[in-house]
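Kindly produce the complete structure, drawing on both the sequences and the hints.
Chain by chain, the residues run as shown.
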Amino acid sequence: MLQRLASARSGGMTVLVGAVLLLPFALTNNYYYEVAILVGLNAIVCVGLNLLIGYAGQISLGHAGFFGLGAYGSAILSARYGWPGALALPSAIALAAALAYAVGRPILRLKGHYLAMATLGMGIIISIVVTTEDRYTGGPDGMSVPPLGVLGWTLTGERSWYWVVGGVLVLTVWLALNLIDSPVGRALRALHGSEVAAEVTGIDSARHKVIAFVLSAALAAGAGALTAHYAGFITPGKVSFVHSIELVTMVVFGGMASTFGAVVGAAVLTTLPQLLTVFKEYEMVVFGGAMMMTMIFMPKGLVPTLAARLALRERTDEKAGHGT
Amino acid sequence: MSRTLLAVQGLSREFGGVQAVDALEMEIPEGIVFSIIGPNGAGKTTLLNLLTGIYAPSAGRIWFDGRDLTGRAPHGFAAAGIGRTFQNLQIFFNMSALENVMAGRHLHEPCGLLAAMLRVPALARAERACRAHARALLEFVGLEGFVGANSDAMPYGALKRLEIARALAGEPRLLLLDEPAAGLNPTETGAIDALIQRIAARGVTVVLVEHNMKLVMGVSQQVLVLDYGRKLAEGDTESVRRDPRVIEAYLGSEAEDR
Chain A
361 MLQRLASARS GGMTVLVGAV LLLPFALTNN YYYEVAILVG LNAIVCVGLN
411 LLIGYAGQIS LGHAGFFGLG AYGSAILSAR YGWPGALALP SAIALAAALA
461 YAVGRPILRL KGHYLAMATL GMGIIISIVV TTEDRYTGGP DGMSVPPLGV
511 LGWTLTGERS WYWVVGGVLV LTVWLALNLI DSPVGRALRA LHGSEVAAEV
561 TGIDSARHKV IAFVLSAALA AGAGALTAHY AGFITPGKVS FVHSIELVTM
611 VVFGGMASTF GAVVGAAVLT TLPQLLTVFK EYEMVVFGGA MMMTMIFMPK
661 GLVPTLAARL ALRERTDEKA GHGT
Chain B
643 MSRTLLAVQG LSREFGGVQA VDALEMEIPE GIVFSIIGPN GAGKTTLLNL
693 LTGIYAPSAG RIWFDGRDLT GRAPHGFAAA GIGRTFQNLQ IFFNMSALEN
743 VMAGRHLHEP CGLLAAMLRV PALARAERAC RAHARALLEF VGLEGFVGAN
793 SDAMPYGALK RLEIARALAG EPRLLLLDEP AAGLNPTETG AIDALIQRIA
843 ARGVTVVLVE HNMKLVMGVS QQVLVLDYGR KLAEGDTESV RRDPRVIEAY
893 LGSEAEDR
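Chains as they are written, first to last, in the numbering used here: chain A, 361 to 684; chain B, 643 to 900.
A portion of the hints provided could be inaccurate.
[What the hints assert, rightly or not] Sample of chain A residues at the chain B side, in silico, Cβ under 8 Å:
(1) N538
(2) L539
(3) P543
(4) V544
(5) A550
(6) H552
(7) I563
Since the hints were made in silico from the structure, they are not lab data.
For every residue, glycine included, the Cβ atom is placed at its ideal position computed from N, Cα and C.
The structure is reproduced here in C-alpha cells:
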C-alpha cells in the first residue's frame, strides 16, 4: 500500500513532467500555447487552493482576491513605479502573503459556512478596491502591464512563457507533494479529519490553518502576477467573486485532497470553455454543471474516483490471478 | 506513595447555570492506573476536557508535574505530556491507520515548513524513523494486521485501539482513556484490560474513565467517584466498592451481587 502510494507520487510526477515536455509537439499554433499557459497558471492556483480546501479542510471563496492582489500589485509596481518585474512580482506575492496572514489569523477561527462567508467578504472587498481605485488600477477598464524582465532580458513569446509556466507548475507540484507527505502535511490533514483530536495530539490548529491559507494565497498571487505580465493587460474580472468560484470548482472537480486532481481539474475546466467559445456567455453554465455533476456522481472528484476504480480493478485482477 | 503528577485545585466548569464539575480537588500520583467513575452526567467527560484544555475552567487551577497549565490551548496540554482518547471516536478518517499514529507523533517530529517542502535528507530520515515507530505502536496495541488499512474501513474495536496507539505516539506521561471499553464485547474488553496494564508497565500514568466495573476494579490502584460534578468518594478499589454512598449513588444492587 505504502509502496503503491509512493509510486503513485513519483509516477504522477513523471506523468506531469512528461506532459509538460511533450505537450509542445501537440501545440501547433500560438493559440494552443496560450490555452496551455492558462491551464498551467490556473493549475498553480489550484494546487495551492487544494492545500487549503482539500487537505486542511478550510474553505475559501475569496482566492480571486489574492490572485488579483498579485496581478495588480505586480502590475502597479512595474507600470506606475517602474520597478523591474523581477522585483515587482515577488513583492506582490509578499504583499498578498502578508495580507493573508493578517486576515487569516482572525477569520480561520470560523468554521464551515461562517468561514465561507468571511472569505467571500474579503474577496469582495479586494474586488471593490481594485474597481474603485482607478488612479492606480485603471478601474473597470483595467490596466496594461509591462512584460516581465530580468536584468535587461525580457520574457516574450508564447514558447518562452510556456516553459517558464511549465517549470513553475512542476516546481509547485513537487513542493506541494513534499509538504503533504511531511509532519506539517499530516498535521493539515489531521485537522481536517478531527480538529479536536489534532489539538490533543499537540497540533497547533490555528498555526497550521494559517500556514495553508498563506501558502495558497502566495501561490494564487504568484500565478496572478504571472498572468498579468503574460497577458499584458489585467481587468477586475480576474478579481471577481465569479473567478473565486471558478477556482474552487476546478479543485472540487479534479478531486479534493489530490494534488494531481487539482492540476487535472484546472486543465479540464480551463480548456472546456475555450473549446466552447461559441457559447462564451455560457461559460459559467459549464462550471455550474461540472460542479453539480461532480457532487452527484463523484463527490471525491475526478482523479480520486478514477484512482479508486483502478485500485479496485487491480485488486479483483489479483484475486482472479491467484484463483481465490 | 510516589509523587503527584497531576493536581487540580477548586476546579469548576459551569454550563448555563449547571455545575458540570464543581470545586473539585484531586491528586493523581505518578505511575498508577487511576479510575474516574460515576453515573452518566456526573461530569467525567467534562473533567477530561478540562484536563486536556478543550474546555477552559470557570474556576480553579490545573497543575501538571509542578507546572500550572491553566489557560493553555489543548496543544499546550499535549506538549506538557498529557495524551487522551475520546469516548466518541475522533479518528482522522481521511488517513490510513499508520498515518493516524504518525500524526500522533507530531510533537516529536521536525515541523519546519521549508524543510518539509524541500524534503531535506534529515526530514526524510525522521520520516522513516517516525514510520517505524508508528508501526511498532500499532503492533503494541495489537493492530499489526491494519498497518496499511484505510482507517474508514476498520472495525469499531480496532478504531478504539488505534486511538490509544495515536495517543501513545505522543509519548505522554499521563494518558487519559475515555471509556475505552464502551461498545466492546467481553473478549475485546479483556484485551483492553491487558493493554492498559502493558501501558502502565511502560511507566505511563493512566487515567481511566469507564463504566465497566469489572475492568475498573481489575486494573486500577485508585478510584475517584464523581456525582453531580463533585467528589463522592476516593480511595483504593476495595474501599470504594464498600463505600455505602457509592453503592447508593452508582453501583447499586449490581455491586452487592459481586
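Which earlier hints can't be squared with this structure?
none
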